[in-house]
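Novice: These protein sequences, in sequence, are chains A and B.
Here the numbering used here is used: the first residue of the first sequence is 1, the next is one more, and so on.
Here the numbering used here is used: the first residue of the second sequence is 112, the next is one more, and so on.
Treat each hint with caution, since some may be false.
Among chain B residues calculated to face chain A with C-beta under 8 Å, some are [unchecked claim]: (1) 144; (2) 154; (3) 155; (4) 156; (5) 158; (6) 179; (7) 189; (8) 202; (9) 214; (10) 215; (11) 216; (12) 219; (13) 221.
It should be emphasised that the hints constitute simulated quantities derived from the structure, not laboratory data.
All of these numbers come straight from a predicted model, not from anything done at the bench.
Cβ atoms here follow ideal geometry from the backbone N, Cα and C, with glycine treated the same way.
Here are the chains, one letter per residue:
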Amino acid sequence: NAGVTQTPKFQVLKTGQSMTLQCAQDMNHEYMSWYRQDPGMGLRLIHYSVGAGITDQGEVPNGYNVSRSTTEDFPLRLLSAAPSQTSVYFCATLGRTYEQYFGPGTRLTVT
Amino acid sequence: AQTVTQSQPEMSVQEAETVTLSCTYDTSESDYYLFWYKQPPSRQMILVIRQEAYKQQNATENRFSVNFQKAAKSFSLKISDSQLGDAAMYFCAYRGLPNFGNEKLTFGTGTRLTIIP
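Chain B extracted, bound-state conformation (with noise of 0.2 Å):
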């Protein structure tokens, strides 16, 4: 079964600087997907990045960006210019490819990230 793992339970950065979060997961498949989510104090999942496996270039949003080491099992989470909206509870979720039964997400625990004004 695939595990993730989330091994900062917090975290916290000087607002405008860059933060990352770190993620690793376990798998024997070859092909899947990765996801960050942040969950505000609102409750709401609200997807923040995704990347195929398949692809070796980095996905980027804006100011989020991963590093994605498949050989290491590894998929951190970049946050650079930190604002105070970014304060929230980060997710990192695996997906093996669409097949019945294999559409679940798998989380880790979440990381909290404080921005400091």
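Chain A extracted, bound-state conformation (with noise of 0.2 Å):
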């Protein structure tokens, strides 16, 4: 099993591009979510999703869309990137024992 995947690893945009952050997981879980990581900051809860079509915000979904169309992909859109989207990038799962199957992560810089 791969578990979770992401990529790309690194990511450079320039303000205002767009691009699609990727996230897949072979473990059958229904539970998926994206968090972002800053400095001094934890990880915060971007937008999760419990099953196929089903979405919702967590604390910071400002700026991101998401969509679930398949029990293993969670894709996250950046639609007009910022400078203060720069950040690590984590997926993550909910496995059956309620603990959270995480992603290598996605280092995103926005210039």
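Each of the two chains sits in its own frame; use the hints to bring them together as a complex.
Specialist: Below you can see the structure in the form of structure tokens.
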């Protein structure tokens, strides 16, 4: 099992550009989520999904969109990147023993 | 809303010694889960230990153990026989019982642990 995978590992964008961060899992977990990690602030929840077709906002959803068409995939879209979105992004799933499994992260820089 | 506080931004310990990382949290719920995650320079989030609030016994995983004080809302991590590979950022995290929208983790701001050879 690959677990939770994220692509790309690194990305540099210019202000105003759009992009999609990919997240995929092969554990058949219903719950998936996106966090961002900023220095001195821990991880904060952006969006989450409790199953295909169902998504909801977390603490810091502004500037991000998500959709969940399959159990396996949960992409995060930045429609118009801003420097404030420079961060490390983690995708995570929730296992049946209530443990969260994290992907390796994507480091995004917006100039 | 739940909050998690880690009051020690940085800690250091001599190799082979014992170190305790502090965490306090605030919640109005009676049942919940608490976690410690380790984040080494590789950036990967690694689960170290988990505690269910309804269990009175403190969780233990090899050299890692917790001191869970439910009334005080305190959840400290003790690392015994510290090793160089323990050097990392450690995050304390809280999660309520699984329920629609309640599955998210609330993280503290982290403690950076340095191991001195």
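Novice: Each of the hints needs a verdict: does it hold here or not?
Specialist: Hint check results:
1. Interface restraint check for residue 144 of chain B: the shortest CB-CB distance to chain A comes to about 6 Å, inside 8 Å, so the restraint holds.
2. Below 8 Å, beta-carbon pairs count as interface contacts, and residue 154 of chain B has one with chain A at about 5 Å; its hint therefore holds.
3. Residue-level restraint check for residue 155 of chain B holds (minimum Cβ-Cβ distance to chain A is 6 Å; threshold 8 Å).
4. A least Cβ separation of about 4 Å between residue 156 of chain B and chain A falls short of the 8 Å threshold, and the interface hint therefore holds.
5. Hint status for residue 158 of chain B relative to chain A: holds, with the closest Cβ pair at about 6 Å, below 8 Å.
6. For residue 179 of chain B, the interface hint is violated, the least distance from its beta-carbon to any beta-carbon of chain A being 16 Å, above 8 Å.
7. Hint on residue 189 of chain B is violated. Least Cβ distance to chain A is approximately 21 Å, over the 8 Å limit.
8. Checking residue 202 of chain B against chain A by beta carbon gives a least distance of about 6 Å; that is within 8 Å, so the hint holds.
9. About 5 Å separates the beta-carbon of residue 214 of chain B from the nearest beta-carbon of chain A, less than 8 Å, and the hint is met.
10. Checking residue 215 of chain B against chain A: minimum C-beta separation of about 5 Å stays under 8 Å; hint holds.
11. Of the supplied interface hints, the one on residue 216 of chain B holds, with its beta-carbon coming within about 6 Å of a beta-carbon of chain A, less than 8 Å.
12. Evaluation of the residue 219 of chain B hint against chain A yields a held restraint, the C-beta minimum of about 6 Å falling below 8 Å.
13. For residue 221 of chain B, the suggested interface contact is upheld, since its CB lies about 6 Å from the closest CB of chain A, less than 8 Å.
When held up to the earlier numbered hints, the structure conflicts with 6, 7 and fits the remainder.
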